[in-house]
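Enquirer: Given next are the chains, with one letter for each unit.
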Amino acid sequence: MFAGWTGAVALGLVGLLALLLAELIVGGWRTFDRFGLGFFLGRAWNPVRGREAFGALPFIFGTLVTSAVAVALAVPVAVGLALLLNEVRGFVRAPLASFVDVLAAIPSVVYGLWGLFVLKPFLDRHIEPFMTSTIGTVPVAGALFRGNPNGPDLFTAGVILAIMILPIVTAVTREVVAVVPRELREGALALGATRYESIRMAVLPYARSGIVGATMLGLGRALGETIAVSMIVGNVPRIGASLFEPGATIPSWIASSFREATSVGLHRSALMALAVVLVIVAFVLAALSRLLVRRTASLVSGETPGAAETEIPKVTR
Amino acid sequence: MRRVEVADLSAWYGPKKVLHEVNVVAEPRKVTAIIGPSGCGKSTLIRCMNRMHEEVRGARVRGKVLFDGMDIYSPDVDPVDVRRRIGMVFQRANPFPTMSVFENAVAGMQLGGRFSRSELKVRAEGALRAAGLWEEVKDGLDEPGARLSGGQQQRLCIARALAVEPEVLLMDEPASALDPASTLRIEELIEELKRSFTVVIVTHNMQQAARISDWTLFMLYGEVVEFGPTSKMFTRPDEKRTEDYITGRFG
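Top to bottom, those sequences are chains A and B. Quick note on the numbering used here: the first sequence kicks off at 1 and runs consecutively. Quick note on the numbering used here: the second sequence kicks off at 318 and runs consecutively.
Don't read these hints as lab results, they were simulated from the structure. One thing to keep in mind: the hints can contain errors.
Going by beta-carbon spacing under 8 angstroms, a handful of chain B positions derived as facing chain A [said to hold, decoys possible]:
| # | residue |
| --- | --- |
| 1 | 367 |
| 2 | 397 |
| 3 | 411 |
| 4 | 414 |
| 5 | 425 |
From a predicted model like this one, the values you see are computed outputs, not experimental measurements. Where a beta carbon is used, it is the ideal one built from N, C-alpha and C, also for glycine.
Could you put together the complete structure from these sequences and hints?
Expert: Structure follows, in structure tokens:
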């Protein structure tokens, strides 16, 4: 009975997902049919009838770049926060923990508004020019940080995304840090490790795969975030080295152009196809993260401490 | 070659007092065993001897632990220094799972100290030999430490503690998770270690205490019942309760 119900619900969910994907693919079919692989690699986006051209590459680029910036900024902060909240005693713990949780409860449109009217001017005036004049002068990598500091850009979107994924990455990292066996920490402390050394020696190596998992979870959130990004990224299909120039992500582009998309031409179909691409990107990343978590986990697994019991037969045989 | 003297030591977990004014002395080049039933405070006592007790949230200590005359609880003493000089081996073998046998052996040396690769090798070999593990692992030093058997892991942890060249070795039920063969191996090792260290060992196994220790402390409910030479404790104890416990009438 119970198995029947749960089975039905589970199958229903799978069916729903399949239906959703099927609808998307059917909706986008005319675009895939017309442009083929060119849709994934094309850079043009022109919905004008007769001169229609649709390419997803700038949006894939924008999605990956903003998400990468978000992860690069959020993960170190999240790991630090998780360690602070779990390992350090003190009066900041409780308020800080609830503060981070509150970040997760703020609607993304609020982040968008705040990003547009508060964060962006601040970054434009102070941070971006500073970065241009410092790390921007480094050969090759410096190209990322050159460009027009004013106006919407990929970097600002990445910063907003970083703040938005911070709670989830922090929460998951806290979980994995909390399950690091006490014996390992104490082992390090008993050798004369300071608290910082015990974290580096015992806690972080053990929690590594979990932190990778947390990162991937945050990345997933960043990929799909729509409205806040749409408000500050500029929505310009562009591929270029500079983070300080506008761009567009797949969700931001869909959100900003679906109103003009009529069913007459290919425009609507092209947006559906874009959604398929987003799903594919998310799937690929989820699969990659699985792989990565398994790889890093295998370094820790095997016979972790306390495997003594399972060893007895071997020794006393 | 250091003497550890516990003087009027009390300890708490939060509001719960688990040690009541304990007095005991661990002499150099001797093995001092702490015995008693579960929950009698023997693990707490040994953890107080290198300031590991305070790592538990809410834990508190009052009294003195004199290490070569210096109170390790005096405010100007850094617990990190204490633990480098008073090493500890735990009940469950706890090699660092991402490190190789070699890295585990020298893990403590990497803290604070700067050693060349060759120095590390020399010290690792010395510690692994002292822990009686060298012959078994010398061809697999780069294997993960967690691949070893339970008994080998525990000896690896002993080697890790020895590599930082402590003066005292505290062992908290080091053989209780091991099979008889590995236990015997650890006991033989303790015999050898006491030639150069002050050894304190917690054990719930009275035969083990009788076999390896020179002095025995018997505790009940966080209090010392009796402390004396092992031979005397196990043949003609002063206290009725000691006799009842070692003859297996309770515990």
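Enquirer: Could you tell me which of the numbered hints above are not met by this structure, giving the numbers in increasing order?
Expert: none
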